[in-house]
Amino acid sequence: MRAVAHREGVRIRRARPSLVLEQFLLNEHTGTHFDAPIHWVTGKDLVNNSVDTLLVQELVGPALVIDCSADSAANPDFLLDIPSIERWEATNGSIDKGSWVLMRTDWSKHSRSDRFKNMDETCQHTPGPTPEAVRFLVEDRGIRGFGTETIGTDAGQAHSMNPPYPAHHYLHGAGRYGLQCLTNLDLLPTRGAVIICPPLKLERGSGSPLRVLALVSA
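By the count of numbering that gives the first Met the number 0, the sequence shown reaches residue 217 at its end, each step adding exactly one.
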């Protein structure tokens, strides 16, 4: 028997038809997963910063969806900036404190192709937020966390930003959280959904694979 990791989870090849009791081994940051503050240097000394110490009430919260799918389809290096967020707020209302902000790019629809990683000889080309946008969301709007459909909460070009990987830098430095490799954001309303995202309770874990559930009004 061996476990095979996939973006959607882990597929287990079972050898015994009468008994299911298997083992699997995988990275904390595999597939759809949760980033805890301890994952980044800016959050390493905070209290309740690992997945086993997170407060339970932090794992259920309202979600707002910012639709960047058209911009991301036109430009894989699209960056969500403060003017884009303010335009969204002008139409949909201010971002509430304690909300999850989910960046919809429809990137999950490329998960079965090379375009999902979208690497070339220079870097990865995937959409994400600017440093100023993340800082704005964390400091001015007080968000609970930031979620994306790409491999990470940062853009593919984030290694060259100031600071490098700003979503990780600002989110985790403020004790906030990240979700990545999300799917079905196109099925969620712009606002009004509630997401449930408890990670595995790994001792001193920096992250965890998980299923993110969304509750929406019928």
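Misleading hints may appear alongside valid ones.
[As the list claims (entries may be wrong)] Here are the simulated DSS-like pairs of lysine-lysine, each with C-alpha atoms no more than 30 Å apart in a straight line:
id, residue 1, residue 2
1, Lys43, Lys200
2, Lys200, Lys96
3, Lys116, Lys200
4, Lys43, Lys116
5, Lys108, Lys43
In case anyone wonders, no lab produced these hints; they're calculated from the structure.
Hint numbers contradicted by this structure: 5
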